[in-house]
Amino acid sequence: MSPFFSLVRVSLLNYFGLQVMKVRYIKEKKRLWEPAVILFAIIAGGGTFASGLYLLGRTLAQGPAPAMALTLPILMVQILAIVFGFFALISIFYFSTDLDLLVPLPVKEYHILAAKFINVTLTEYAPALILFVPSLIGYRQFVDLSVLGWASAVLVFLLLPVIPLSIMGIFTVTLMRGLNRRHRDVMIVIASLLMVGGIMYFQYTMQASLVGEIPMEDIINNRIDLIWLLGSFFPPSIWATRAIADAGSLTGFANLLYLIIASAVAFGSFMAVGQRVFYGGLVGGAERDRKGQMITAHVLEKKAVQRSPLRALYTREWNLFLRVPIWVMNGFLAVVIIPLMLFFPASTAGRSIPELAAMVHFANNGLLLSALATAAIIGLLGSLNTLASTSVSREGRHLWISRSLPVPATYQVTAKLAHAGIGALVAAVPVAMVYAIVITPGTEYVLAALILGLVFSATPQILGLLFDMWRPLLTWTNPQHAVKNNLNAVLPMIIAGATGFTSYLLVLRVLLPAGMGEWVVILGVLTLQLILAAVSLTITLRAAPGLYNQMEDK
Amino acid sequence: MLTIQNVSKSYQKGKVKAVDGLNLEVLPGEIFGFLGPNGSGKTTTIKMIVGLLRQDQGSITVQGRDTLKDALSVKQSIGYVPDNPDLYDKLTGLEYLNFIADVYRVDSVTRRLRILRMLEMFELQNAVGDLIGSFSHGMKQKLALTAALVHDPSLLILDEPMVGLDPRSAHLFKELMNEHCKRGNTVFFSTHILDVAERLCHRVGIIKEGHLIASGNMAELRKDAAETRTLESIFLELTEK
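Chains as they are written, first to last, in this note's numbering: chain A, 1 to 554; chain B, 1001 to 1241.
Because the hints were derived from the structure by calculation, they are not lab data. There may be inaccurate statements among the hints.
What the hints assert, rightly or not - Facing chain B, a subset of chain A residues (Cβ under 8 Å, in silico):
1. I82
2. V189
3. K302
4. V305
5. P309
6. N319
What the hints assert, rightly or not - Counterexamples of contact, computed for chain A against chain B with all Cβ distances above 10 Å:
7. F4
8. L39
9. A262
10. Q293
11. V324
12. M359
13. V438
14. I494
Cβ atoms here follow ideal geometry from the backbone N, Cα and C, with glycine treated the same way.
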């Protein structure tokens, strides 16, 4: 086998933990329930999402521009690849533990880059499968696809993540080459926030300004190309759409060719740039960043001060979390995206904000429902926050330190939950602010939404931590793995869905039909969520000592 | 100080027996060397003592307290340095030392004295304010030992402490172990460097395939082996039987 293919093979085995899975499930036949649960989660979660996209695809396929059923999912896949690909690439290129082994080997830089790029690309196919394929099938219900059309669809699917990841790859290696070691972590976080915020702002303002000025008649009579309109944010999505929709024609062939050439050029450019700057950025990052402050008795008087074990554990959680940019972005990305997703459409639509606010104020139970909806969003953000559900996993190979300390496991749990709780608060405040600005409900409703939302987010986080203690992912080799490739991070969302649905039933089926007042309803939901959180916390604290003792025995 | 009674530990549902019916006693105030070939069960034994692994059978007590039933109390009296100290790369050396001192409830005055003394001994004053990720292997070893000693544990457990250390640092480690013992404490360490064990240890134990095959001071070991003088030759003879 050639060195490059050997490198790709080992990289795949390492990145996806294939060898670990083979030993665990096939050779040792341990934890065989895990693949079944994972499959169930994928089918249940992904299936629900996919069926929604299938229906969307069917709906759009019956509209004035049927190919929109393709453009929308294609664009979604590519935007996700841009946003999440950035973190995946930074993590695998610069924070992966196998780099110390790979760099001294007699392989070219672009071989290492290519092998790692393939890993990230393969990861992007999972969301692409859920987003693109159902829409394609929905589209197919109303539009015939020839054999060439299907062939184009397969090729397009394979090429979907290539251009966005290549662009992000160029951005990543250039950024890392330019940053010096001392400020690297902080700059990665700032660059990430600016990038995500910028993408969101550009997309919404551009599309809002276009759509708002186009008469509906022109859209219906096909005088306006909706594909171009939607896809202009990222032109490869237009080529991909036309390649499938117009397969068999010159237009279809030309667009497929554009896509293939653009993908090749993008990937080639990434390889060329990477070959020049990757090692420079890598080596620069490995240089010892020594401030060289002399520790004297005088310095220790200020810095060596006793604190309680609980406070020490809590401080440790924050220090370790904040100093790994990948974890900060994965933990708080939703904090940036979701409020922007709420705010930008409202702000760029001009006169809609007062109308929306008036609608809420005058609707029956409008303010109550707006507060509950805001609380639901805050609770959902809390469940998307991976601070608790990956807390033990993120300790990785350092877990021996926590397990050898003379502190009760309940202290460890308390510190981790306190850390996650503050994280939830950080995520909750922007949402509450958007609610206050857009709807102007009054302070009491904003506070109610904030408090209710935080309590709502408690149960998913507590049970997420319980699950992470039960089966932590400790074998990760790059920090992205510990949070993104960790199924424990998915569980809080499922729990939030369940507890949210319970609250929905309580409000809409019991309290409101019974004619209860607004504040009785809010109090009722709060009580329910407090009970769920209290029960979850009791279970978790009781289970903690046993789970900590068993951790490395698996 | 440390009593290991009939302890066994296996992996892969009993297929691999790492430790098999181990019986061992370490007396207070002594330096005990734990020797054995690779894969003989040294690290497994040490991990069971410090609570990172649970034995399948038998008991381990430290100062009369069971490591499973009184885990927190036992951990309070132990200082542990693993064979490859994986410390928090994203904490500074000083943050790590303070963290350990906090969880062991070492007061401010005591910790400052101990930390400063050890930093001076190991010449880490210039480096300890930096992130541990920037430390060399030897520096991490020294930091780990400093952290293990900050609360002056009754039992210091070291797993292959000399690996990767330069001669001066190795010498410092040996001095520290001696000092620790002279204060009435106990040191239990595993090593492959037999001449260090021979010169430093009051008693040694030799483990092979999970069994303790010899134990005692040099004079006692020489009685068990035929016509041998050095610990190395005793070790080779006993482990090749």
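Can we confirm that no CB of chain B comes within 10 Å of the CB of F4 (chain A)? Correct as stated: the minimum Cβ-Cβ distance to chain B is 30 Å, above 10 Å.
V305 (chain A) as chain B interface residue, shortest Cβ-Cβ below 8 Å = With Cβ-Cβ at 5 Å, under 8 Å, it holds.
Status of the K302 (chain A) interface restraint (C-beta, 8 Å, chain B)
violated (10 Å)
| query | Checking the smallest CB distance to chain B, is Q293 (chain A) really beyond 10 Å? | reply | violated (4 Å)
Please verify that the nearest CB of chain B lies beyond 10 Å from A262 (chain A)'s CB. Check passes; 39 Å lies beyond 10 Å.
Item checked: I82 (chain A) as an interface hint toward chain B, with CB separation required under 8 Å -> Because about 28 Å separates I82 (chain A) from the closest Cβ in chain B, which is outside the 8 Å limit, the hint is violated.
May I ask you to check that L39 (chain A) keeps its beta-carbon over 10 Å from the closest beta-carbon of chain B? Given a closest Cβ separation of 25 Å, the condition holds.
message = Does I494 (chain A) clear chain B by more than 10 Å, comparing its Cβ with all Cβ atoms of that chain?
response = For I494 (chain A), whose nearest Cβ neighbour in chain B is about 31 Å away, the distance exceeds 10 Å, so it holds.
Exercise. Against chain B, is N319 (chain A) within 8 Å by beta-carbon distance?
Worked result: This interface hint holds because 6 Å falls under the 8 Å limit.
Holds or violated: P309 (chain A) as interface residue toward chain B, Cβ cutoff 8 Å? Status holds, d = 5 Å.
| message | Beyond 10 Å on every Cβ pair: is that true for M359 (chain A) relative to chain B? | response | It holds; M359 (chain A) is separated from chain B by about 48 Å at its closest Cβ, greater than 10 Å.
- request: Under 8 Å, Cβ to Cβ, is where V189 (chain A) needs to be relative to chain B, so tell me if that hint holds or is violated.
  value: The hint is violated - V189 (chain A) has no Cβ within 8 Å of chain B, the shortest such distance being about 14 Å.
Violated hints, in rising order: 1, 2, 3, 10 and 11; the structure is consistent with all others.
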